[in-house]
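Asker: Assemble the whole structure, with the sequences as input and the hints as a guide.
Our numbering puts the sequence shown at residues 1 to 315.
Don't read these hints as lab results, they were simulated from the structure.
Among the clues, some could well be false.
Using 25 Å as the maximum straight-line C-alpha spacing, the simulated PhoX-like pairs for lysine-lysine come out as follows [to be verified]: (1) Lys207 <-> Lys32; (2) Lys246 <-> Lys259; (3) Lys78 <-> Lys136; (4) Lys78 <-> Lys32; (5) Lys7 <-> Lys228; (6) Lys84 <-> Lys60; (7) Lys228 <-> Lys266; (8) Lys94 <-> Lys151; (9) Lys97 <-> Lys7.
Label-pair distances were calculated between CB atoms; the ranges are [unchecked claim]: (10) Arg245 <-> Asp52: 44 to 52 Å; (11) Gly211 <-> Ser25: 23 to 31 Å; (12) Lys60 <-> Ile96: 27 to 35 Å.
If you're wondering where the values come from, they're calculated on a predicted model, not measured in any experiment.
We put the CB at the ideal spot given by N, CA and C, even for glycine.
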Amino acid sequence: MKLKQRKIEIIDTTLITLWENYRCSFKRNINKIMELIKLVYIAGADYIEITDELYRFMLKLPENVEFILDYYKSIEIKGVDELKENIMIFENNKKIKRLRIIGLDNLILSDYEDILYEVIEKLEDRVELSITDKYKCSTGIAVEWIRLGGKKIVTSFAGIAGNTPLEELLGALRYIENINIRGDFRVFKKISKLYEEITCTSIPPTKPLIGTDIFNVESGIHVNGIIKNSKTFEPYNPEEVGGERKIIIGKHSGIKSLKIKLEELKVEYNSECLDAILIEVRNQSNSKGRGLNDDEIKAACKRGESLCEKKCEYC
Numbered sequence: 001m002k003l004k005q006r007k008i009e010i011i012d013t014t015l016i017t018l019w020e021n022y023r024c025s026f027k028r029n030i031n032k033i034m035e036l037i038k039l040v041y042i043a044g045a046d047y048i049e050i051t052d053e054l055y056r057f058m059l060k061l062p063e064n065v066e067f068i069l070d071y072y073k074s075i076e077i078k079g080v081d082e083l084k085e086n087i088m089i090f091e092n093n094k095k096i097k098r099l100r101i102i103g104l105d106n107l108i109l110s111d112y113e114d115i116l117y118e119v120i121e122k123l124e125d126r127v128e129l130s131i132t133d134k135y136k137c138s139t140g141i142a143v144e145w146i147r148l149g150g151k152k153i154v155t156s157f158a159g160i161a162g163n164t165p166l167e168e169l170l171g172a173l174r175y176i177e178n179i180n181i182r183g184d185f186r187v188f189k190k191i192s193k194l195y196e197e198i199t200c201t202s203i204p205p206t207k208p209l210i211g212t213d214i215f216n217v218e219s220g221i222h223v224n225g226i227i228k229n230s231k232t233f234e235p236y237n238p239e240e241v242g243g244e245r246k247i248i249i250g251k252h253s254g255i256k257s258l259k260i261k262l263e264e265l266k267v268e269y270n271s272e273c274l275d276a277i278l279i280e281v282r283n284q285s286n287s288k289g290r291g292l293n294d295d296e297i298k299a300a301c302k303r304g305e306s307l308c309e310k311k312c313e314y315c
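Answerer: Encoded structure:
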């Protein structure tokens with residue numbers, strides 16, 4: 001069966017992970033957590049995993065969301081040899097209807113295709129992979145698992161607690177494998193905001209699909225290219241994932257980028273002073289060690305114009 005036509009089951013553990021790691025604040029944040037879980041399902045998770053204890057605690061669950069109890073048999077695997085031994089043990093044990101393999105974060109260093117094929121062939125649809133992300137390879141392994149015929153995969157939003165990041169897997173399936181999955185990625189921004197409020201942590205600004213800076217553009221040639229045809233530099237439209245493209249002005253910017261940014265900010269300027277403004281922008285960016293924010297760009301524009309006009313007075 002073709003990958004695009006095959007049913008894939010994404011089991012998300014974000015709810016359980018929040019319960020296990022943020023229990024002291026769980027009750028206080030219950031409404032935010034309910035909203036987050038609903039949005040995780042809308043984003044593309046097929047099931048939200050929940051425990052009996054958590055179900056009793058929450059009393060009421062979000063409507064129109066598919067939940068699944070954590071009744072699986074789990075085995076934690078540290079190496080390939082250990083995995084092969086366990087395949088032999090569980091192959092003939094048909095009483096176990098749901099087997100979760102946890103670990104395999106270094107599988108990418110082995111002959112993973114043959115190993116995953118063996119898991120699929122001998123354990124069939126009973127098995128689900130929960131790949132840990134110690135070496136930041138879990139998304140790649142998860143995609144290979146699905147590509148080779150695996151059906152069930154375990155995730156958590158933003159990779160919380162070291163799991164395969166839900167948003168990365170969904171993005172890879174849609175934008176790399178071209179699978180028409182049902183999820184609405186525009187809710188990623190809302191999920192990220194709730195996640196940061198609940199966990200009191202910040203998502204890295206460059207994190208794939210949900211980082212706030214992933215659509216920042218500074219280099220002049222890139223800005224020109226995006227204005228002409230954004231598909232040249234962006235694998236997907238920022239709006240599709242709830243993001244926003246930002247033109248960053250800094251030490252690598254050119255005249256065209258600066259003009260576009262000043263027009264975006266509705267800043268009036270003397271076109272004859274653009275070179276001086278750009279020099280001031282680059283100087284400020286170098287001294288700060290980063291791109292400039294909107295207020296800093298406006299201030300640099302005023303100072304650059306002032307220096308330019310003073311210079312002209314002496315000409």
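Asker: Take the hints in turn and mark each one as holding or not.
Answerer: Results of checking the hints against the structure:
1. Lys207 <-> Lys32: Judged against 25 Å, a Cα distance of about 22 Å means the pair holds.
2. Lys246 <-> Lys259: holds, 14 Å
3. Lys78 <-> Lys136: holds, 16 Å
4. Lys78 <-> Lys32: violated, 35 Å
5. Lys7 <-> Lys228: violated, 38 Å
6. Lys84 <-> Lys60: violated, 42 Å
7. Lys228 <-> Lys266: holds, 21 Å
8. Lys94 <-> Lys151: Distance ~18 Å between Lys94 and Lys151 Cα, so the pair holds.
9. Lys97 <-> Lys7: holds, 18 Å
10. Arg245 <-> Asp52: 44 to 52 Å: holds, 45 Å
11. Gly211 <-> Ser25: 23 to 31 Å: The hint (23 to 31 Å, Cβ to Cβ) holds, given that Gly211 and Ser25 are roughly 24 Å apart.
12. Lys60 <-> Ile96: 27 to 35 Å: Hint holds: Cβ distance 32 Å, inside 27 to 35 Å.
Figure legend: structure checked against the earlier numbered hints; hints not met, in rising order: 4, 5 and 6.
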